[in-house]
Amino acid sequence: MNISNQNTFIKILKAGWRDIFAALKGYKLAGVLGWQDIRQRYRRSSLGPFWLTISMGVLIGALGLVFGSLFDSPMKEFLPFLTLGFIVWGLISTTLNEACTGFITAEALIKQISLPLFTHILRVVWRNLIIFAHNIIIFPLIVIVFWLPLPATALFSIAGLILLMINLSWMALLLSVFCTRYRDIPQIVSNLLQVVFYLTPIIWMPRLLPKRASILLLDANPFYHLIEIVRAPLLGSLPSALDWQVSLILAAAGWLMTVLLYGRFRSRIAYWL
Amino acid sequence: MSHLLLDNVCVDFPIYNTTGRSLKNQLMQAATGGRMGSNEKGRVVVRALQNICLELKEGDRLGVIGHNGAGKSTLLRVISGVYEPIEGSIHIEGKVSSMIDLSLGMDGEATGIENIFLRGALLGFNRKWLSSKVGDIVDFAGLGDFIRMPLRTYSAGMQMRLAFSISTLVQPEILLMDEWLNIGDVDFQEKVQQRFKEIVQKSSILVVATHSPELVEKVCNRTIRLERGSVIST
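One line per chain: the protein sequences are W and P, in this order. Residue numbers for the first sequence follow this note's numbering, beginning at 1 and rising by one. Residue numbers for the second sequence follow this note's numbering, beginning at 1 and rising by one.
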C-alpha cells in the first residue's frame, strides 16, 4: 500500500467514524425520535405497546403447544426456551428489516437538516429495543407459572444483550446504506431472515439435531451464537466460549467493515434518496 | 466570525429509475430544471449546480433568484450540509440554521406540548432547556389551553404559529430561508415580522431564495441569479 492509498484509507475511516461518533454523542435525539415512533404507533389504544406483549404471549403459547408436543419436549423445558428464542429473534429480525428502510423513511429529515445520518439508524435500533423490553415481560411470567428457579447465570445475559445490540447496530447501518442505493435488497433481506429463522434453533431445540448436522447449522450460524449469548444464561447455562468468540469477532470485524463502507458512501446517501 | 466559501461547487443527481439508454449522452435543452446528461459511468444525471463560486462574509445578505428548478433550493441544501458537492469544495464557519420547513418533524397526533419537545429536539435543544421555554412558546404562539390538544385539531394557521414559535428559538449565525415567512392573521403577522427581523438582524449571514424583487430590494445587499444550475449574474 503506498502512501496516498494509506491516506485515503484513513480519511474514509475517519469520515465514517466522525458521523457515528456525532450520532452517539447526540443519542438523546435518537431516543426522542424512537419513543415518538412507539407513541405514534399506539396512540389512542388503551393498552398501547402492551398489545405487543399480549400478541407475543398468545403466539408463544400456541407455538409452544404445537411444537412442544410435536417434538415431544416437556413444556417446563421447551416453553422458556421458545419464549426467549422467539423474543430475541423478534428483536433481531425486526431491527434488520426496519433498518432496510431506515434512511428511506427518514428522507424528509435527511433532506432538510444536516444531522449525523447514523442517528436515523440508532432511532430504529432504539425503537426495537423498547419493543423488546415490552416483550421480554413474558419470560418472568413463565418463570413464575412453571415455578422455575432463576439461575445465578442470568446476569450474564445483560452482557450478552449488549454484545447483541453492538452487532445489530453495524448490521443495521450496513443494510440501510445498501438498501438506500439498491431498492431490491429489502425483499432479499426479509426473505433470508425467514430462512434463518427456521435454520436457527428457536422453535426447535439443538439437541434434536444429529451430530453431523449440528456443526453446519449451529457452529457456522452467527445468529445462533448471538441468540445463545442472551438466551443460555437465562436458562441456567453459560454460553460456550465459541458463542462469545464468534459474537466478539463478528462485532469487531463487522464494525470495521461498516465504518469503512459508511465512510466511503455516507455523503452519497442524501443523493440516493 | 462567520464565513462561507463555495469553490467551484458542482452537484449531480443520479437518476436510477429512468431508462438510461435512451437519454444517454443526450443533452436536453429545456427552459427549466437542471442539465440532464450522463456521467462517466453512463448513468443519467441531472446537473443541479454547476461551478458555483461564492464567498460570503459577516454582514452579507444574499438574495438568490432564478426560475423554478434553477437550483436555488439545492444551493441552500449544499450550504446546510445536506448535499456534499460532487466536485469543488465548501468551507463553512458558523452555525447554519435553515428556516425552510418550520414544522418538519412535528406529529399531528401528538399534543402541542409534545410537539414542542419533538421539534425542539430536532433543532438541537435539550429537554431541560425546552421545559423552561414552554411558557414563552405558548404565550408567543397565543394558543392558550389548546397546547394540550393534539396538533391535528389545530387550524393550519395555529399549526404554523406553534411551528414558528419553536423554530425561532434558534439564534443562527448563518441563516437560510426559502422566501420570506408570511404566517398568521393580522395580529400575529406583526409579532412574526418583529421576531423575524430580530433574528435576521442578529444573524451574521443571510441567504434567502426568492422570486420577489421587493424582498431582495428590502433585505439583501447582494444578489445572484441562477439559471439551470449556473450563476448567470451577480
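Any given hint could be a false lead.
Stated by the list, open to error - Just so you have them, the derived chain P footprint on chain W, three or more residues with Cβ under 8 Å: (1) 103-114; (2) 203-215; (3) 257-271.
Simulated from the structure, these hints should not be mistaken for laboratory data. For every residue, glycine included, the Cβ atom is placed at its ideal position computed from N, Cα and C.
For the region 257-271 of chain W, count the residues whose Cβ lies under 8 Å from any Cβ of chain P; is that count three or more? holds (count 3)
Verify the coverage statement for the region 103-114 of chain W against chain P, using a C-beta to C-beta distance below 8 Å and requiring 3 or more qualifying residues. holds (count 7)
Has the region 203-215 of chain W got at least three residues whose CB is nearer than 8 Å to a CB belonging to chain P? violated (count 0)
Figure legend: structure checked against the earlier numbered hints; the only hint not met is number 2.
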